[in-house]
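Chemist: Guided by the hints, dock chain B onto chain A, whose structure is given.
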Amino acid sequence: RKEVEQDPGPFNVPEGATVAFNCTYSNSASQSFFWYRQDCRKEPKLLMSVYSSGNEDGRFTAQLNRASQYISLLIRDSKLSDSATYLCVVNNAGGTSYGKLTFGQGTILTVHP
Amino acid sequence: GAGVSQTPSNKVTEKGKYVELRCDPISGHTALYWYRQSLGQGPEFLIYFQGTGAADDSGLPNDRFFAVRPEGSVSTLKIQRTERGDSAMYLCASSARAGALYNEQFFGPGTRLTVL
Chain A
1 RKEVEQDPGP FNVPEGATVA FNCTYSNSAS QSFFWYRQDC RKEPKLLMSV
51 YSSGNEDGRF TAQLNRASQY ISLLIRDSKL SDSATYLCVV NNAGGTSYGK
101 LTFGQGTILT VHP
Chain B
114 GAGVSQTPSN KVTEKGKYVE LRCDPISGHT ALYWYRQSLG QGPEFLIYFQ
164 GTGAADDSGL PNDRFFAVRP EGSVSTLKIQ RTERGDSAMY LCASSARAGA
214 LYNEQFFGPG TRLTVL
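Line order of the protein sequences matches chains A and B. If you're matching positions, the first sequence starts at 1 in my numbering and goes up one per residue. If you're matching positions, the second sequence starts at 114 in my numbering and goes up one per residue.
Just chain A, same shape as in the assembly:
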């Protein structure tokens, strides 16, 4: 079983749609969580951190359920510019060091007019 699992998609949605991505992680000792965004042929960039209480940044909402070891990302009012790969990321996934980020496979989102 992969340490971080995501539905690879692709998700194809019209502009204005709401889309949700889910992610599960296997190590219950994992302590911090993120969503990174990666545009085609570009490097990953931090979209948002995911806190236990859940957090929102504009059209983006992230949730964490530690009991179920589940992370989600909700995008409201999708824009064409949201088209990208969304990477679910866990820190300290191996319980050995804080520097090691473990990435999911990524979920591809395409927003069309």
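Any given hint could be a false lead.
In silico DSS-like pairs for lysine-lysine, Cα to Cα no more than 25 angstroms straight-line [stated by the list, open to error]:
1. A:Lys42 - A:Lys79
2. A:Lys79 - B:Lys128
3. A:Lys45 - B:Lys124
4. B:Lys191 - A:Lys42
Chain B is faced by these chain A residues, among others (derived, beta-carbon under 7 angstroms) [to be verified]:
5. Pro44
6. Ser49
7. Lys100
8. Gly104
9. Gln105
No lab work stands behind these hints, which were simulated from the structure alone. Don't be surprised by glycine CBs; every beta carbon is placed ideally from N, CA and C.
Modeler: For chain B alone, kept in the frame of chain A given last:
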């Protein structure tokens, strides 16, 4: 300010050759990370440095891979006797420090390595 830079952007080599990939982190960042990304997959951790020392090298796939950061700034990832399976995008990232839980890692544009 300048972000993380990596050179070369592309490297094509033949099976069995030695390659070096270079990373220049953001100025002042003490932590530096190397990842490898294959097509259709997320980045896979290789090694990270806190200062000059390798704090965690658990992701290096075998002893053909080695990385150094002699002065605590620039790092070089070295691959000996390259194999076709080493072909991937090699990403470098840096962060202000490695110990915090919510440390943002800033990634460079990567070096695409192709082993023929």
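Chemist: Give a verdict on every hint.
Modeler: Hints versus structure:
1. A:Lys42 - A:Lys79: Distance ~19 angstroms between A:Lys42 and A:Lys79 Cα, so the pair holds.
2. A:Lys79 - B:Lys128: 44 angstroms, violated
3. A:Lys45 - B:Lys124: Cα-Cα ~23 angstroms, so holds.
4. B:Lys191 - A:Lys42: 23 angstroms, holds
5. Pro44: 5 angstroms, holds
6. Ser49: 5 angstroms, holds
7. Lys100: Constraint on A:Lys100 satisfied, holds at 5 angstroms.
8. Gly104: With Cβ-Cβ at 5 angstroms, under 7 angstroms, it holds.
9. Gln105: 5 angstroms, holds
Hint 2 from the earlier list is the only one contradicted by this structure; the remaining hints agree with it.
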